[in-house]
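Let's have the full structure, built from the sequences with the hints guiding it.
38 is the number that the UniProt record's numbering gives to position 38 of the sequence shown; each next residue is one higher, with no gaps.
Please note that a few of the clues may not be correct.
Below 20 Å or equal to it, Euclidean Cα-Cα: the simulated SDA-like pairs (lysine to any residue) are [unchecked claim]:
no., residue 1, residue 2
1, K6, E23
2, K6, L16
3, K6, I17
Calculated from the structure, these hints are not laboratory results.
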Amino acid sequence: MRTLLKILLGSLLLVLIVALGTEVVALHRIAPALTAQTAPVVVRKSTTAPVPPKTVRPVATHRPPSKLRKTALPIHHKAPAN
Numbered sequence: 001m002r003t004l005l006k007i008l009l010g011s012l013l014l015v016l017i018v019a020l021g022t023e024v025v026a027l028h029r030i031a032p033a034l035t036a037q038t039a040p041v042v043v044r045k046s047t048t049a050p051v052p053p054k055t056v057r058p059v060a061t062h063r064p065p066s067k068l069r070k071t072a073l074p075i076h077h078k079a080p081a082n
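Written as structure tokens, this is what we have:
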């Protein structure tokens, strides 16, 4: 039981060290970007830009069903009532 407790505490300490190390590395990666004094970039929409062309698609027309289609449908008859 005592060995299991030592293994558990050792693994928790190792996880804590790894998590702390990753946080330190992440903070050091962000730090140079925060200290750089660059001018902000302003993006404006051009008023002279051409309007993109609109796409025109043909409208599907409704066709009446053909005679062949009507005859191909199965005919259901009701059974006569007794």
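Status of each hint after checking the structure:
Under the criterion of a C-alpha separation no larger than 20 Å, the hint pairing K6 with E23 is inconsistent with the structure, at around 26 Å. Proximity of K6 to L16 is assessed by CA-CA distance (about 15 Å); at most 20 Å being required, the pair is judged to hold. For the hint pairing K6 with I17, the CA-to-CA distance comes to about 16 Å; that is within 20 Å, so the pair holds.
The earlier numbered hint that this structure contradicts is number 1, and it is the only one.
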